[in-house]
Amino acid sequence: MNTGQLLPLRVKTEPPPAPGDDILGGGVRALGYEIAARLETLHETGESGAIDIKSIPMAAAEFESFRQMLGQGEVDFTLELDGQTRIRETAFPGVWWIQHKDPEGQVVAEHIEINHVPDLLRAQAEEIGQAADALRARLNGET
Amino acid sequence: MTQSDNNRSSQPTIGQVLDERGVSRRRFMKFCTAMASLMAMPPMMTSALAQNLRQARRPSVIYMPFQECTGCLESLTRSFSPSIENLLFDTISLDYNHTLFAAAGTAAEAARHEAMEANWGEYILIVDGSIPQGAGGVYGTSAGESFVDQLRHAADGAAAILCVGTCASFGGIPYANPNPTGAVPVSEIIHDRPIINVSGCPPIPAVMTGTIVHYLTTGGVPDLDKYGRPSVFYGQSIHDRCYRRRFYDEGKFAKSFDDEGARNGWCLYELGCRGPTTYNACATVKWNEGTSFPIESGHGCIGCSEPNFWDQGGFYEPVTSKLFEDRGQIGGAAAAGVALGAASAYAASRRKKKRSETAGEEESS
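Going line by line, the protein sequences match chains A and B. Just so we're aligned: 37 in numbering that gives the first Met the number 0 is position 38 of the first sequence, and the numbers increase by one with no gaps anywhere. Just so we're aligned: 300 in numbering that gives the first Met the number 0 is position 301 of the second sequence, and the numbers increase by one with no gaps anywhere.
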């Protein structure tokens with residue numbers, strides 16, 4: 000019989016860990032060791048690397064624990080590129096947390112980049128060549 | 000040099016089109032980063048992906064809708080955010096789609112023939128819908144031609160065929176028993192062209208974009224599974240990537256849509272979820288700009304990206320229940336190979352039987 004009452008539907012979620020909790024699960028530790036190994040490679044050979052964290056299934060608590068493990072460094076800024084792109088340096092120099100969102104605010108890509116400077120920020124050689132020409136044209140009053 | 004060669008070399012590269020439209024390198028890199036993630040490529044491959052995509056020639060696309068409901072096209076056009084995916088779709092040359100075209104009738108058909116002739120052997124043919132072959136193909140005609148003839152002619156000049164949706168890929172709902180129109184998928188008619196099936200009812204828009212990006216950057220067909228679907232998107236079952244999977248492993252199942260288990264977000268296996276037998280990217284890519292997917296909204300997967308999904312029994316029966324009915328309980332469990340799931344299906348069938356018996360007793364009393 001339809002009583003006309005709304006069903007109390009809800010989904011229970013795990014609360015995020017409190018600061019200071021020692022909750023590093025096996026998956027988070029493994030990621031940490033991988034980042035450490037890539038940092039060593041960057042230091043010794045200059046070879047950069049990245050880990051796509053959006054493709055790694057992590058529960059909300061694990062994700063939060065991972066975020067806390069890497070911490071926050073000095074650099075934290077946002078670019079407006081068809082939605083926000085946030086680039087954060089973690090507490091470990093050379094480890095960058097990069098999150099791309101679409102205009103609706105949904106995360107479309109998220110990765111950890113182990114690099115001196117994130118690739119996205121570097122000006123490319125072709126662009127630099129064009130920029131020199133463009134600047135000369137402006138100085139000559141052509142543009 | 001043929002007319003097609005001339006036409007191809009005169010087409011601008013995608014990079015040129017993007018430059019003309021003032022799309023910055025970083026904006027494009029962001030799109031490529033999202034695509035690389037979607038295609039399970041290492042993030043450091045993004046630069047190579049971007050370089051290849053910029054150098055690719057703008058492709059001509061002929062989109063042929065046949066026996067379909069337009070749901071796939073709705074999914075593709077309405078779900079795109081006005082930026083990233085459109086970045087790509089703005090650059091392709093959609094030379095024919097009679098649903099989207101402002102032109103109609105003779106003018107639209109003339110545009111199609113002109114585009115096909117100019118890009119003969121080079122265009123990508125996107126097919127939406129199954130093809131009715133019954134009664135000589137008269138169940139589906141357009142501009143005085145049967146769909147079968149239109150498909151054969153368009154396929155002759157295509158470099159590759161992309162089947163959008165389960166109808167074009169596997170016949171879909173028109174193909175379901177008793178299939179009154181004699182509907183068939185593209186692969187039953189065309190045998191001499193590369194065919195990529197992007198199944199789903201409808202398919203995930205981002206999967207479609209990713210497949211086109213792969214084709215443009217490599218010039219070839221991606222690795223396909225046994226049903227001709229790109230493995231990178233259809234390589235894992237919904238079940239294996241489901242956030243409720245741990246409840247399945249723990250034997251925690253919702254028994255009805257409003258019980259405590261459902262409220263706790265437990266596994267929907269006993270309520271008919273076809274996640275274990277369905278291969279698609281819904282659990283990872285998700286829908287509605289990444290908001291959720293059916294299981295996350297509390298309903299089981301209906302297996303819409305699989306062949307014959309409409310004829311696999313009730314949507315609210317456990318996936319192994321058909322095996323129980325067909326082969327007996329023990330044989331069914333062995334064939335399913337999932338003891339826990341089999342036990343769960345058996346329990347569900349017993350509950351159903353008990354409900355039926357109780358209802359029968361009530362009716363007779």
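By construction, these hints were calculated from the structure, which means they are not laboratory data. As the structure is a computational prediction, the values presented were derived from the model and not from experiment. Cβ coordinates follow ideal geometry from the N, Cα and C atoms, glycine included. The reader is advised that the hints may include incorrect statements.
In silico DSS-like pairs for lysine-lysine, Cα to Cα no more than 30 Å straight-line [as the list claims (entries may be wrong)]:
1) A:100 <-> B:254
2) B:254 <-> B:285
3) A:53 <-> A:100
4) B:225 <-> A:53
5) B:251 <-> B:285
6) A:100 <-> B:251
7) A:100 <-> B:225
8) B:285 <-> B:225
Computed far set for chain B versus chain A, every beta-carbon distance over 10 Å [said to hold, decoys possible]:
9) 25
10) 28
11) 35
12) 39
13) 73
14) 100
15) 156
16) 288
To be clear about the criterion: a stretch of chain A counts as covered by chain B if any three or more of its residues have a C-beta under 8 Å from a C-beta of chain B, and this derived list gives those stretches [stated by the list, open to error]:
17) 30 to 42
18) 47 to 55
19) 84 to 96
Hint check:
Restraint check: the Cα-Cα separation between residue 100 of chain A and residue 254 of chain B comes to about 37 Å, which exceeds 30 Å; the hinted pair is violated. With a CA separation close to 25 Å, the supplied pair residue 254 of chain B and residue 285 of chain B stays within the 30 Å bound. Taking the CA atoms of residue 53 of chain A and residue 100 of chain A, the gap is about 12 Å. The hint holds against a cut of 30 Å. A threshold of 30 Å between alpha carbons decides the hint, and for residue 225 of chain B with residue 53 of chain A the separation of about 27 Å falls inside it, so the pair holds.
For the given pair, residue 251 of chain B sits about 24 Å from residue 285 of chain B by alpha-carbon distance, which is consistent with the 30 Å threshold. For the hint linking residue 100 of chain A to residue 251 of chain B, the alpha-carbon distance of about 35 Å lies beyond 30 Å, and the restraint is violated. Among the hinted pairs, residue 100 of chain A with residue 225 of chain B is inconsistent with the structure: their alpha-carbon atoms are about 34 Å apart, more than 30 Å. Restraint check for residue 285 of chain B and residue 225 of chain B: satisfied, since their Cα atoms lie roughly 23 Å apart, inside the 30 Å limit.
Residue placement check: residue 25 of chain B does not keep its beta carbon more than 10 Å from all beta carbons of chain A (closest about 6 Å). Residue placement check: residue 28 of chain B does not keep its beta carbon more than 10 Å from all beta carbons of chain A (closest about 6 Å). Some Cβ of chain A comes within 10 Å of the Cβ of residue 35 of chain B; the nearest lies about 8 Å off, and the non-interface call is violated. Some Cβ of chain A comes within 10 Å of the Cβ of residue 39 of chain B; the nearest lies about 6 Å off, and the non-interface call is violated.
With a closest Cβ-Cβ approach of about 18 Å to chain A, residue 73 of chain B is found to remain outside the 10 Å limit, as its non-interface label requires. Under the 10 Å C-beta cut-off, the non-interface status given to residue 100 of chain B relative to chain A holds; the minimum distance is some 27 Å. Distance check on residue 156 of chain B: its Cβ is at least 35 Å (rounded) from any Cβ of chain A, clearing the 10 Å threshold; non-interface status holds. For residue 288 of chain B, the shortest C-beta to C-beta distance to chain A comes to about 5 Å, within the 10 Å cut-off, and the non-interface label is violated.
For the segment 30 to 42 of chain A, the proposed coverage by chain B is not satisfied: 0 residues have a C-beta within less than 8 Å of a C-beta in that chain, short of the threshold of three. Using a Cβ-Cβ cut-off of 8 Å, 7 residues of the segment 47 to 55 of chain A lie near chain B, which meets the minimum of three, so the contact claim holds. Proximity of the segment 84 to 96 of chain A to chain B, defined as three or more residues with a beta carbon under 8 Å from a beta carbon of that chain, is not established by the 1 residues found.
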